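*Asks:* Below are the chains, spelled out letter by letter.
Protein chains: 2
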Amino acid sequence: MPATLKRLAIIGVGLIGGSIGLAARRRRLAEEIVGVVRSESSGRRAMECGAVDSATTNLETAVAKADVVVVCTPVSQVAGHLLQAASACPQSALLTDAGSTKQRIVADTEAGLAKLGAAPSFVGSHPLAGDHRTGPESARHDLLEGRRVVVTPSENSAADAVDRTQQFWRSLGAETVEMSPADHDRALSHTSHLPHLIAAAVATATPSEALPLTATGWRDHTRVAAGDPALWRDILLANRGYVIAALNEFEETIGDFRQAIADRDGEKLQHLLDQGRQRRDVVGD
Amino acid sequence: MPATLKRLAIIGVGLIGGSIGLAARRRRLAEEIVGVVRSESSGRRAMECGAVDSATTNLETAVAKADVVVVCTPVSQVAGHLLQAASACPQSALLTDAGSTKQRIVADTEAGLAKLGAAPSFVGSHPLAGDHRTGPESARHDLLEGRRVVVTPSENSAADAVDRTQQFWRSLGAETVEMSPADHDRALSHTSHLPHLIAAAVATATPSEALPLTATGWRDHTRVAAGDPALWRDILLANRGYVIAALNEFEETIGDFRQAIADRDGEKLQHLLDQGRQRRDVVGD
Numbered sequence: 001m002p003a004t005l006k007r008l009a010i011i012g013v014g015l016i017g018g019s020i021g022l023a024a025r026r027r028r029l030a031e032e033i034v035g036v037v038r039s040e041s042s043g044r045r046a047m048e049c050g051a052v053d054s055a056t057t058n059l060e061t062a063v064a065k066a067d068v069v070v071v072c073t074p075v076s077q078v079a080g081h082l083l084q085a086a087s088a089c090p091q092s093a094l095l096t097d098a099g100s101t102k103q104r105i106v107a108d109t110e111a112g113l114a115k116l117g118a119a120p121s122f123v124g125s126h127p128l129a130g131d132h133r134t135g136p137e138s139a140r141h142d143l144l145e146g147r148r149v150v151v152t153p154s155e156n157s158a159a160d161a162v163d164r165t166q167q168f169w170r171s172l173g174a175e176t177v178e179m180s181p182a183d184h185d186r187a188l189s190h191t192s193h194l195p196h197l198i199a200a201a202v203a204t205a206t207p208s209e210a211l212p213l214t215a216t217g218w219r220d221h222t223r224v225a226a227g228d229p230a231l232w233r234d235i236l237l238a239n240r241g242y243v244i245a246a247l248n249e250f251e252e253t254i255g256d257f258r259q260a261i262a263d264r265d266g267e268k269l270q271h272l273l274d275q276g277r278q279r280r281d282v283v284g285d
Numbered sequence: 001m002p003a004t005l006k007r008l009a010i011i012g013v014g015l016i017g018g019s020i021g022l023a024a025r026r027r028r029l030a031e032e033i034v035g036v037v038r039s040e041s042s043g044r045r046a047m048e049c050g051a052v053d054s055a056t057t058n059l060e061t062a063v064a065k066a067d068v069v070v071v072c073t074p075v076s077q078v079a080g081h082l083l084q085a086a087s088a089c090p091q092s093a094l095l096t097d098a099g100s101t102k103q104r105i106v107a108d109t110e111a112g113l114a115k116l117g118a119a120p121s122f123v124g125s126h127p128l129a130g131d132h133r134t135g136p137e138s139a140r141h142d143l144l145e146g147r148r149v150v151v152t153p154s155e156n157s158a159a160d161a162v163d164r165t166q167q168f169w170r171s172l173g174a175e176t177v178e179m180s181p182a183d184h185d186r187a188l189s190h191t192s193h194l195p196h197l198i199a200a201a202v203a204t205a206t207p208s209e210a211l212p213l214t215a216t217g218w219r220d221h222t223r224v225a226a227g228d229p230a231l232w233r234d235i236l237l238a239n240r241g242y243v244i245a246a247l248n249e250f251e252e253t254i255g256d257f258r259q260a261i262a263d264r265d266g267e268k269l270q271h272l273l274d275q276g277r278q279r280r281d282v283v284g285d
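The listed protein sequences derive, respectively, from chains D and L.
Residues in the first sequence are numbered from 1 upward in steps of one, following the working numbering.
Residues in the second sequence are numbered from 1 upward in steps of one, following the working numbering.
I should point out that these hints are in silico values taken from the structure, not numbers from a laboratory.
The structure presented is a predicted model; accordingly, all values stated were derived computationally and were not measured.
Watch out, some of these pointers could steer you wrong.
As the list claims (entries may be wrong) - Partial list, derived from the structure: chain L residues whose beta carbon lies under 8 Å from chain D:
# : residue
1 : Ser154
2 : Ala205
3 : Thr214
4 : Asp220
5 : Arg223
6 : Gly266
7 : Leu273
Every residue gets a Cβ at the ideal spot worked out from N, C-alpha and C, and that includes glycine.
When you get a sec, could you build the whole thing from the sequences and use the hints?
*Replies:* In structure tokens form, the structure reads like this:
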């Protein structure tokens, strides 16, 4: 990847896409940053937060002269946007994305690219950044700084394209880690998708009249449930198999807790709590 | 309660007890603040963080001339310390505590006080403050500021003692809310105890190799699991009935999520996520 890109095209300028734009502008990563948006009003919002030099609803025009195209739309739309971009961008361009699940996106995109014949390179990615907020107004130039981006090549990925993808994210201040789409989806079912649905279930199961008695613990524990339900529906369904497997493991553990409490088995209960704390402490506050 | 107390005795000078001491000193609530500690070294720590004027391992001496005694030890020790204080403090003193569960503490304490015959007034309390950290080093003079303290009178409590208890917490900057010990324990099983055991179970069920892929969501969701396992063992066992009932309600909700994911029922899943978000949004970030 050249030190400076001619054009970076960001498809979907929300929290992640906007933060990529802000970081790229601040680091002078590209001569031109073009955002692809759904509507004129979202284009105005993307421009106002300074994430892109220009915004358009026309994907084909935006990617026409792009060196790098990064798709930051909801997971159910990522493969479609990647394939749309692949048909309109230079053959030399690199395509990547920021979707929270990878197996289906990578499989669908590679299947589509194979039908196109000659096509630009694609390597899937997932930046482990962002939170429950959405929209370009929440974007920050340092959102990716020091954060991990998982780059998920398949057996079809060219080594050169994987390198370029890693360099792209590193040039935005992120660290990269490489793993297969399946390994990514299995890990994320535990670290992201399961916590989301558990948080939503804990919030739902809290009676309204108890809400005034919540404190930091409940607020931290359930915060992620404030995320966009439509986005999360798609993520949970896209990673259905691993999410259910993670839920099964969680239910087994919860069963142990339940038994220890029901049996008034203080020693067992403390051991279980200890295990949880040790696992938690590895990660840091 | 007089504008200024002669002596405030704090039994157990950790995060909560230490924060009460810091707030009381800053607000000149008492002429003298005495901390009761387990050992000389914990006394030194309490003195070093400025939470108390003096520290002693002798509970009887500390409470001898106290106007207010607040017990901030682990829930399994609270009733014992309250009764020990009741035998040694002036009849005019007010006794309260900061325990996270209330039914058993209030019942055990009142049963013990009844045996004493003439005894000082006791009203149970629970400040909804604090986090997973422990020890006087984590204490903050503003920990209670604007936070809710649940005051839990029983049918045996004198109105005057309830008033004094409310005034004590308000004079430290907290808001008070009054409810029965049972109502408190039922609400807290949802807002505090269930999230704790769920967080520990989610942390435990996360495979070690996935931990490097955790981000803000997992960290927020599981943070509370970093709390002291021995303290939480006692809390969960003391509130066993309500905790199991809350766990049952949670499991029903999780069952709905599981079914919607297994059935690929996007509409149902989005509805469930929406419910969770709405409940979460009531509380604010």
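*Asks:* Indicate, hint by hint, whether the structure satisfies it.
*Replies:* Results for each hint:
The interface hint given for Ser154/L is broken, as the beta carbon of that residue sits about 19 Å from the closest beta carbon of chain D, more than 8 Å. Because the closest C-beta pair between Ala205/L and chain D is about 4 Å apart, less than 8 Å, the hint holds. For Thr214/L, the shortest C-beta to C-beta distance to chain D is roughly 5 Å, which falls under 8 Å, so the interface hint holds. Hint status for Asp220/L relative to chain D: holds, with the closest Cβ pair at about 5 Å, below 8 Å.
At about 5 Å, the closest approach between the beta carbon of Arg223/L and any beta carbon in chain D falls short of 8 Å, and the interface hint on this residue holds. At a threshold of 8 Å, the smallest CB-CB gap from Gly266/L to chain D is about 5 Å, leaving the interface hint in force. At its closest, the beta carbon of Leu273/L sits 4 Å from a beta carbon of chain D; the interface hint therefore holds under the 8 Å criterion.
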